[in-house]
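K.L.:
Letter by letter, the chains look like this.
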Amino acid sequence: MTDTVAESIQELDQAQVLRTAAGSRRRRYLAVVLGWLVFIGLWWLLSLWVGSEARLPSPGRVFQEIVIILQGDFWTQFWASIVRVVAGFLAAVLIGTPVGFFMGRSKYWGNFLQSPVIVAGSIPGLTYAVMAFVVFGISFWGPVLAVGLIAMPYVAINVAEGVRGVDRRLVEMSTAYGRNERQVFRHVTVPSVLPFVFAGVRLSFSLAWKVGTLTEVFGSSKGIGFQIRRNYQLFNMPAVIAWVLLFVLFMLLVERFILVRLERRLFRWRQWERDA
Amino acid sequence: MTVAPVAIPEAPAPPGRIRHWLRSPVGAQVTAAVVFIGAWQLLTLIAPRVPGPIEVVQFLYIEITGGSHGGIVRGQFFQHFAITLQRFSLGLLIGFVGGLFVGVLIGVSGLARALLNDTVLVLLTMPAFVWAFLTTMWFGITWQAPVLTVAFTTFPFVAINVAQGVRAITPELKHMSTAFEVGRSKQFRHLIVPAVAGYIFAGLRFAIIVGWNGILLSEWFSGQAGVGFRTRYWFDANRYRGFVGWVIVFIVFIVVVDRVILNRLQKRAFHWRDASEADFIEIEERQVGL
Chain A
1 MTDTVAESIQ ELDQAQVLRT AAGSRRRRYL AVVLGWLVFI GLWWLLSLWV
51 GSEARLPSPG RVFQEIVIIL QGDFWTQFWA SIVRVVAGFL AAVLIGTPVG
101 FFMGRSKYWG NFLQSPVIVA GSIPGLTYAV MAFVVFGISF WGPVLAVGLI
151 AMPYVAINVA EGVRGVDRRL VEMSTAYGRN ERQVFRHVTV PSVLPFVFAG
201 VRLSFSLAWK VGTLTEVFGS SKGIGFQIRR NYQLFNMPAV IAWVLLFVLF
251 MLLVERFILV RLERRLFRWR QWERDA
Chain B
277 MTVAPVAIPE APAPPGRIRH WLRSPVGAQV TAAVVFIGAW QLLTLIAPRV
327 PGPIEVVQFL YIEITGGSHG GIVRGQFFQH FAITLQRFSL GLLIGFVGGL
377 FVGVLIGVSG LARALLNDTV LVLLTMPAFV WAFLTTMWFG ITWQAPVLTV
427 AFTTFPFVAI NVAQGVRAIT PELKHMSTAF EVGRSKQFRH LIVPAVAGYI
477 FAGLRFAIIV GWNGILLSEW FSGQAGVGFR TRYWFDANRY RGFVGWVIVF
527 IVFIVVVDRV ILNRLQKRAF HWRDASEADF IEIEERQVGL
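Sequences listed follow chains A and B, in order.
Just so you know, we're using the working numbering here: the first sequence kicks off at 1 and counts up by one.
Just so you know, we're using the working numbering here: the second sequence kicks off at 277 and counts up by one.
Hints are computed from structural coordinates only; laboratory data are not their basis.
Keep in mind that the hints are not guaranteed to be accurate.
Some residues of chain A that are not near chain B, with every Cβ distance over 12 Å (derived) [claimed, not checked]: (1) Arg27; (2) Leu34; (3) Leu37; (4) Phe39; (5) Phe63; (6) Ile82; (7) Leu126; (8) Thr127; (9) Ile138; (10) Trp141; (11) Glu172; (12) Met173; (13) Leu207; (14) Leu245; (15) Phe257.
Facing chain A, from chain B, some residues (calculated, C-beta under 8 Å) [claimed, not checked]: (16) Phe353; (17) Ser385; (18) Leu387; (19) Phe477; (20) Leu480; (21) Leu492; (22) Trp496; (23) Gln500; (24) Ala501; (25) Tyr509; (26) Asn514; (27) Ile527.
Cβ atoms here follow ideal geometry from the backbone N, Cα and C, with glycine treated the same way.
Just chain B, with the same shape it has in the complex:
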């Protein structure tokens, strides 16, 4: 702890609409973005090999519009992106369905839990690049390698979350609904689905973050197309503006999907939950391993 016990200066509060806006949450975030881009630009002055923000934007423009990067190399944004999305969705589907199945099994039966829990933990601990290597050694440079990398990396995260959700169904409620002769299908709809849905959704979110990392790694090491492959292509060609451009693309993709779309959906769909439970999921989420 090297922090000096100083009072943190709040931004001063002079009159004026602009200053007022600058102090608002949005103003603070915009300031942060401007400071970040400014710092990046400054960095290029110190280290000339680092591509600046303008260069990167120019590169992305050419790459997306399919213009010429000089010579016969043309921009190929959508081809690579579409291929990656296809593989990603297929792998995610396999991992999700498998995880759902095993998760329910572990959650429902103590025997299944004792049998399978450690295996799932081992899979959870395996780094994604290991799956990229193993699938390449099994299938060579094919489409199966990235798809299976995504499936293997996402599976344990879904399984663990679903199992947790199934075990979170309160037995008291279940006994009560049985005692009051609530029908099976009604129990399923009003008790089991609401209890598990939040966990399944949380599991899906982890799976998307983890799987995205997995597919990038797999394509980087053994792709012949795709986002990871294209990133590596520019890296190997020593064109760092291309590398940084694609890195920004795949970061923006995951931030938009996870933070903007899924986070909002989750908040809207599960707003009836009490705050503590939402916090719990939020904290659990940070246990994600890539």
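Here chain A stands alone, though its shape is the one from the complex:
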């Protein structure tokens, strides 16, 4: 009897908790939507006050432009940028991983490479963009070089951290059970360092995209950066804002739906480790 009373009270409590949780979630979504409405409303009022499409077009006008772009060459331009940035990240991983490996493995190389990597990490993006333009002119390879250079220090620092963090006991145990160096490398070092390679890419993701598009501003005939610059030179404000908004939306979606999920999957084994 007392048990059932306790249970029913518990059920009641749970139902209430669920209801309030759902309520607060609904309220939060409402506030987020309201936030967007306030943002767009303020923008609209400001555009009315400015009263010039060339200076600040209304949200509706920009939306029209977005629809035009989506029906037109949205995918061609985005695809061009995506291919370059991905190629740049590949280059950064290919160079940054061995560099980070050296840094993590040996104290001497750690000291040797420390300052160069830190300085490389604080160089303003403008430098890379102009350098890529000087080296390659208007070409596919400019943004690849810039993205590679900007992401490389991040990959290196993270891989070094990962190499330092490889579990000594695992290595010792593997050696004790007669595994050779190659096997230890393949089955202990690589799996524990791999997530750190990804972390390097993840941390430099938005930075590298920004520098990639900046490089397209300087030396490209395609891509998002080139489109923003072309419309800037044509003084086509609605199109500039439309391309920028598409870029921002794209970045936020990729971060939220692809990178966060990938991260969870790659680090899942560590969660298990912690749970055990």
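Following the hints, complete the assembly by docking chain B onto the known chain A.
P.N.:
Just chain B, lined up with the frame of chain A:
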């Protein structure tokens, strides 16, 4: 992963003071610098259009002392640097104060967070050159364009960090101090300020890195004076030694300000924090987008 499983050769350890020094951390860093400059010099032999280290130093000497670059073009280092610093500080001030205000708001109130968080994220994602373009289209080639570029690019970084700091104040401590009737001003001084100060400082550091990039871009695209403008001036004149010289100037500036001054200040001021928290800020810092 193309790394071969080789043992990395530690530098050999023969006797001798010089060799010993070469293996020390400082020795390794000096070796790295020498190797870098040597590689740069070698590069000029392969690609003659690349200005060598000596040429660049000569250029910087003339530029700083105000000597003649040939003809009537004279060195103008301090004029441009001073103008950029003025604009940079003003923009940083605006962005910082705005970010502080919005950050506290987001951190304190759930409603403000829901309302403003996405807007701040959108601003965070916007590349700095976009602000350089937009401000130029709004204000033309004026001083407002670079100042506002700095303000717009720094604002979201400060806001996000401050909000994080405000939310990091442990509610248990707050309840406890209220329960033990610790006064409001005492709570503010001993609980809130120490909890938030580290985040504000971290936010300021991001803001300085990001804003510096922003002002260079803005001056490059639409300046009539300033570091970015002068860099472009030499670039357009096809005098690459001037371009490289100024690039070195603005890199050295940001490395000295961020790594040498602010990093040390931060370590000294927040040495009481436990190491994990310091690491956390260090890692967060790498999420900086320029």
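K.L.:
If a hint holds in the structure, say so; if it doesn't, say that too.
P.N.:
Tested hints:
{"no.": "1", "hint": "Arg27", "in the structure": "violated (8 Å)"}
{"no.": "2", "hint": "Leu34", "in the structure": "violated (6 Å)"}
{"no.": "3", "hint": "Leu37", "in the structure": "violated (10 Å)"}
{"no.": "4", "hint": "Phe39", "in the structure": "violated (5 Å)"}
{"no.": "5", "hint": "Phe63", "in the structure": "holds (15 Å)"}
{"no.": "6", "hint": "Ile82", "in the structure": "holds (16 Å)"}
{"no.": "7", "hint": "Leu126", "in the structure": "violated (5 Å)"}
{"no.": "8", "hint": "Thr127", "in the structure": "violated (5 Å)"}
{"no.": "9", "hint": "Ile138", "in the structure": "holds (16 Å)"}
{"no.": "10", "hint": "Trp141", "in the structure": "holds (16 Å)"}
{"no.": "11", "hint": "Glu172", "in the structure": "holds (16 Å)"}
{"no.": "12", "hint": "Met173", "in the structure": "holds (18 Å)"}
{"no.": "13", "hint": "Leu207", "in the structure": "violated (5 Å)"}
{"no.": "14", "hint": "Leu245", "in the structure": "violated (8 Å)"}
{"no.": "15", "hint": "Phe257", "in the structure": "holds (14 Å)"}
{"no.": "16", "hint": "Phe353", "in the structure": "violated (18 Å)"}
{"no.": "17", "hint": "Ser385", "in the structure": "violated (10 Å)"}
{"no.": "18", "hint": "Leu387", "in the structure": "holds (6 Å)"}
{"no.": "19", "hint": "Phe477", "in the structure": "violated (17 Å)"}
{"no.": "20", "hint": "Leu480", "in the structure": "violated (15 Å)"}
{"no.": "21", "hint": "Leu492", "in the structure": "holds (5 Å)"}
{"no.": "22", "hint": "Trp496", "in the structure": "holds (6 Å)"}
{"no.": "23", "hint": "Gln500", "in the structure": "violated (18 Å)"}
{"no.": "24", "hint": "Ala501", "in the structure": "violated (17 Å)"}
{"no.": "25", "hint": "Tyr509", "in the structure": "violated (13 Å)"}
{"no.": "26", "hint": "Asn514", "in the structure": "violated (11 Å)"}
{"no.": "27", "hint": "Ile527", "in the structure": "holds (5 Å)"}
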